[in-house]
Structures are given as C-alpha cells and as structure tokens.
Amino acid sequence: MNEHEATRDEELIKAHLQGAEHAFRALVEHHAPDLASTLERMVRDYHLALDLAQEVFVKVYRLLPSYTFKGRFRSMLYTIALNHARDALRKKRRAPVVFLDESRSRALPDKGSDSDDAQDMKRRIEFALDQIPSPYHEAVYLRDVAGLSYAEVGEALGCSLGTVKSRVNRGRLHFRNAYMAEMQGKERKGKHNAS
Amino acid sequence: MEGKFSDLYEGALNPAEAAELRAHFDACPACARGYKEFEEAMQALSGYRADDVPYTFTESVLSTVVTEPVRSARTWPLALSWILTAASILIAVFLFFRGPERIEIIKPVDREVVVEKVVEKEVPVPYEVQVVKEVPVIKEVPVREPSSVSIPVGEGAFKILRNGDALTVSGGETFNFQSDDDIRIVCATMPETVESIPFENVVIDFEPLASALMRAADAATVMSVAVIRTAPEVSSFRAAMGVEAASDVAAAEIMPLFTSREAPQAVVSLVWTPDGALELETDGSNHEVIPELIRLLDDKNAQVSAVALGRLETIQTQLQREHGIAAPRAEAASATEETDLLDDIRGLFTLVNEEEAPPVSTADIWRRWWGLNRASILCLACLN
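If you read the sequences in order, they're chains A and B. Under my numbering, the letters of the first sequence match residues 1 to 195, in that order. Under my numbering, the letters of the second sequence match residues 1 to 384, in that order.
Just so you know, the hints here were simulated from the structure itself, not pulled from any lab data. We put the CB at the ideal spot given by N, CA and C, even for glycine. Careful, some of the hints might be misleading.
As the list claims (entries may be wrong) - Examples of chain B residues toward chain A, derived with CB under 10 Å:
(1) Glu-2
(2) Asp-7
(3) Tyr-9
(4) Gly-11
(5) Asn-14
(6) Pro-15
(7) Ala-18
(8) Phe-25
(9) Asp-26
(10) Cys-28
(11) Phe-38
(12) Ala-50
(13) Ile-89
(14) Leu-90
(15) Asn-163
(16) Asp-165
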C-alpha cells in the first residue's frame with residue numbers, strides 16, 4: 001500500500017467530515033474486500049467475517065469525528081478489526097485449533113469477472129494462504145494482503161517489531177512451500193491432460 | 001539462511017549482507033532454488049486481491065450509519081463550567097448538612113479524571129485548522145468486585161493466564177480474580193473438565209499452550225512453533241528440554257516425527273523460549289517420539305539436557321536409561337498418582353495467590369467525601 005492510497009484515505013475522511021455523502025461509501029467500498037478477507041482468515045467463517053467487517057465500519061464511522069490524522073487510516077481500521085475478531089473468537093468459546101492436514105477452501109461466490117486462469121491462480125493462492133499456520137497467517141495477511149507496514153502489523157497484533165518480522169518471514173516460507181506444491185501439482189495435471 | 005529471505009526480497013539487507021547471501025546461493029543450489037521459489041511465491045502474492053464483498057455489504061453498512069449525522073464536536077461554553085462549579089458547591093453544602101450517615105447508602109466509587117479532546121468545528125473551515133480543547137470529564141469507575149472459584153479436587157490442574165500473567169491452579173485450591181480480569185485457561189491436565197468449572201463474569205478461552213506461551217513469553221526470540229493436533233487425549237505430560245543452537249533445527253524437520261506415525265496422536269506443541277529452551281508438550285501416547293526427537297537434536301549438534309515431568313513412567317525411564325538424562329523425580333519414577341503430576345506442574349510454574357481487593361469501609365467513604373468537597377466547604381467557611 002503506498003502513500004498515494006494513504007493520502008486518498010485522508011482526503012475521503014476530510015470530505016466525509018465536511019458532510020460529503022459519497023466519501024464514507026468510497027472508504028467502505030475500497031477497504032471492505034481486504035478487510036473481510038483478513039477477518040475471514042482469523043475467524044474461519046465467511047459470514048461471521050462479513051458481520052464483523054460491518055461492525056468495524058460502523059465503529060469507524062463513529063470514531064471518524066475524533067480522528068487525529070496521525071498514523072494511517074488503514075492501520076486504525078485493522079487494529080479495530082483484529083480486536084473485534086478476537087472478541088468474536090472468545091465468544092465462540094472454542095479453541096483456535098490448527099489442523100495442518102486439512103485443506104480449508106473458501107466458499108465464496110464465483111464472481112466470474114476474472115478469466116478462468118486468473119480465478120484459478122487466485123484460488124491456488126488462497127489455498128496456499130490457508131496452509132499458513134497460526135499465528136503466522138495473520139502476520140502475512142496483514143503485511144502482504146492488507147499492506148500494513150511492519151510497525152502497523154505489530155501494533156495491530158500487539159507484538160514487537162522483531163516478532164512481527166519473524167512471523168512474516170516464517171509465514172511467507174509456509175506460503176512458498178504450499179504455493180509451490182500447488183503449482184507443481186498443476187504442472188503435473190497439465191502434463192497428464194496433455195498426454 | 002531462510003531467515004533472511006524476507007530481508008533480501010524487501011531490500012532490507014546492507015550491500016555486504018546481500019552479497020554474502022547471494023554468494024551462498026552460488027555455492028548452494030538448494031538455497032538458491034529455495035530463494036527463487038520464495039521470490040516467485042511473493043510475486044504471485046503481490047498480485048493477489050481479495051474477492052469483493054457482496055454488493056449488499058456497503059448498503060448494509062450505510063443503512064446502519066446513515067441515520068447518524070456526522071457528529072460535530074460539542075462545545076463547552078465557559079458559562080457552563082461556572083454553572084457546574086456552582087452546582088457542585090450546592091451539592092457539597094447539601095451533603096454537609098445531611099451528615100455522613102447518608103453517605104453510607106451511596107455506592108462506593110473510584111473517581112478518575114479523564115481528559116477528553118474535543119474538536120471544535122463551528123463553521124466549515126479549511127480542514128487544516130482544527131482547534132483542540134482539553135475538557136476535563138469526571139468519570140465514575142465502579143470498584144472492581146473480587147470473585148473466586150474453587151477447583152474441585154481430582155479435576156486436575158489448570159494453567160491460567162490472568163491479564164497475561166501465567167499461574168497454575170490445582171485441585172482443591174481457590175483461584176481469585178477481579179470481574180474485569182482477562183482470564184484464559186490455556187492448559188489443563190483434564191481438558192474436558194474446563195467447561196464444568198463455574199467461572200462467572202470472566203471469559204474462558206481455552207487455546208493451545210503454544211499460543212499462550214508465545215504471548216506470555218518474550219515472543220521476539222521465539223523462533224519456531226509447530227502445533228499439530230490430531231486426536232485429543234485426556235492426560236498430558238510435559239517434557240522440557242534445554243536446546244542450544246535451536247535455530248538450526250527447523251520445525252519442518254521435527255513435525256514429520258509426529259505426523260508420520262500410525263498410532264493415534266495427540267496435541268503436540270513445540271516452543272522455543274527466549275532463553276533457548278525447547279519446550280515440548282504432548283500426551284502420553286506419543287512418548288516414544290521423545291527419544292527420536294533427542295536423537296534428531298543430537299544430530300544437529302544441539303546440546304540437549306532433558307527434564308521429563310509427568311505421570312508416565314516410560315518416558316522417564318527411557319530418558320534415564322537410554323540417554324543418561326536424569327529426571328528430577330527419579331526417586332518417584334514409578335509413581336503414577338495424580339498428585340505427583342500436580343506437584344510436577346507446580347514445580348514448573350510459580351503459584352500466585354492474588355489477594356482479594358480490600359472491602360470499602362465507612363471511613364474510606366468519609367475520606368473520599370471530604371477529599372471531594374473540602375475546597376467548597378473551606379470556601380464557604382471563609383465567606384462566613
């Protein structure tokens with residue numbers, strides 16, 4: 001995520017505080033996909049993730065009048081989101097068990113807007129992301145999908161910079177292993193079909 | 001080497017470090033391939049964009065907030081502060097003549113002054129200009145009510161994180177806590193009894209020990225965690241081993257020891273703690289893996305000193321006989337009593353008994369009332 005986007009967020013917030021009707025909608029539409037996806041990674045429940053994302057945006061709406069413009073909006077958004085996700089997990093009263101031998105595929109509506117190859121690649125990447133064990137997958141998702149800086153990831157997760165960097169690197173290594181396994185499986189399938 | 005892949009990819013290494021790493025790649029095809037695949041995976045990930053949310057999502061959010069106008073900041077005219085001051089004096093006078101006996105029925109509270117920053121925005125001004133006022137707001141914070149729960153005898157021992165601090169509570173003991181404490185039961189010798197413990201007004205969050213240890217310890221130096229869970233077991237024991245050069249032993253090498261076995265397996269967690277110790281937790285059915293693990297670590301030239309604790313005679317005997325590693329309770333190696341296990345667990349953690357919050361006395365109420373109203377009363381006395 002770049003400075004251009006951070007500036008855009010600030011401009012939308014300022015416009016919203018000035019009463020522009022479109023501004024908050026634009027903020028929601030821009031951040032909702034990544035936010036919902038991150039929440040789904042945490043709570044392992046697509047519909048719950050959407051509910052949580054909605055709660056987060058409602059909370060952000062109420063906090064915007066006191067927003068100080070110190071730090072990026074995205075950082076605040078994900079810090080709130082992670083707190084909501086942790087509360088939701090606590091309420092579920094269930095241990096966040098990691099099953100490394102299970103595949104966790106996402107059940108999302110097929111938008112059909114991308115090409116088949118692009119969709120296939122997206123699903124393979126998502127499958128590889130699902131193979132990253134906790135707590136690394138949170139760190140990777142916040143850093144590489146949500147685009148937070150290392151410092152912002154640390155703030156959202158409540159851990160030190162060294163821990164964040166370690167978790168991100170290890171998560172990325174897990175992702176690499178799973179992604180390459182997926183791609184090698186795809187190659188073998190392609191060769192089999194060709195023969 | 002893989003520990004530096006992210007730094008190399010993100011350009012965070014200095015030129016000398018980067019050159020050294022690339023020179024290693026030239027000499028080590030396996031590492032070179034590993035980094036090439038890392039780059040390829042990261043480039044794929046950089047192009048990833050999450051699916052859109054359903055089209056109704058944004059409308060749902062907006063319909064929730066659209067009835068809430070953008071709240072402009074409240075302004076606190078100076079006159080209002082004078083009115084509040086006068087009101088507090090009147091209340092003080094009223095209470096003074098009513099006498100202290102009336103105070104007893106007032107719920108004891110703690111008071112704290114919270115400073116709120118209020119953004120004033122009276123007219124549409126260029127948003128670069130914001131006037132921030134600090135308005136003292138008195139908030140009443142209710143006294144935290146202490147609570148306690150007794151762990152029934154025979155229900156095992158629990159490792160609990162209270163507000164992040166680890167402590168152990170065993171059968172027959174009482175655990176004290178405040179109503180707003182963050183309580184997490186992170187480990188239990190008899191996990192199925194967790195839900196039966198009558199905790200009230202606290203949150204029970206039973207999570208794998210590894211996650212709890214990472215949070216409780218200085219996670220900056222935790223190098224690797226592997227959590228494998230297949231079939232849950234009732235009992236558990238813990239083996240703690242001190243390992244030097246733990247960073248050379250990747251979790252990926254250890255995990256196959258557990259996943260390749262045909263026998264039913266249990267929760268296994270491996271955590272490297274800040275002082276380089278490898279803490280392993282598993283259940284009794286996996287005990288035969290421990291010697292293999294030690295052999296693996298030996299092959300990695302890791303200095304291993306094992307301390308096996310738990311009810312299982314087998315693991316302690318094996319460690320003693322085959323590896324010359326003494327268990328701390330060698331004299332009781334054959335004991336399988338629940339009490340022995342609880343003693344072992346107590347030996348691992350410091351048992352902390354929290355003191356209950358002191359009750360609020362009438363004298364305390366008097367002191368607080370005097371402290372709040374002293375200035376007003378003295379002013380009145382001077383005027384008279």
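Status of each hint after checking the structure:
Nearest Cβ of chain A to the Cβ of Glu-2 of chain B: about 6 Å, under the 10 Å cut. The hint holds. At its closest, the beta carbon of Asp-7 of chain B sits 8 Å from a beta carbon of chain A; the interface hint therefore holds under the 10 Å criterion. The beta carbon of Tyr-9 of chain B comes within 8 Å of a beta carbon in chain A, closer than 10 Å, and the hint placing it at the interface holds. About 14 Å separates the beta-carbon of Gly-11 of chain B from the nearest beta-carbon of chain A, more than 10 Å, and the hint is not met.
With its C-beta approaching chain A no nearer than about 16 Å, Asn-14 of chain B sits outside the 10 Å limit, and its interface hint is violated. Violation of the interface hint for Pro-15 of chain B is found here, the shortest Cβ-Cβ separation to chain A being roughly 20 Å, above the 10 Å cut-off. Here the hint on Ala-18 of chain B is broken, as its CB sits about 16 Å from the closest CB of chain A, past 10 Å. Annotation: interface hint on Phe-25 of chain B violated; nearest CB of chain A at approximately 15 Å, more than 10 Å.
Interface restraint check: Asp-26 of chain B against chain A, minimum CB-CB distance 21 Å, threshold 10 Å, status violated. The interface hint given for Cys-28 of chain B is violated, since its Cβ lies 16 Å from the closest Cβ of chain A, which is over the 10 Å cut-off. For Phe-38 of chain B, the shortest C-beta to C-beta distance to chain A is roughly 5 Å, which falls under 10 Å, so the interface hint holds. For Ala-50 of chain B, the interface hint holds, the least distance from its beta-carbon to any beta-carbon of chain A being 3 Å, beneath 10 Å.
Checking Ile-89 of chain B against chain A by beta carbon gives a least distance of about 32 Å; that is not within 10 Å, so the hint is violated. Hint on Leu-90 of chain B is violated. Least Cβ distance to chain A is approximately 33 Å, over the 10 Å limit. Of the supplied interface hints, the one on Asn-163 of chain B is violated, with its beta-carbon coming no nearer than about 13 Å to a beta-carbon of chain A, more than 10 Å. The beta carbon of Asp-165 of chain B is not positioned within 10 Å of any beta carbon in chain A (closest approach about 15 Å), and the interface hint is therefore violated.
When held up to the earlier numbered hints, the structure conflicts with 4, 5, 6, 7, 8, 9, 10, 13, 14, 15 and 16 and fits the remainder.
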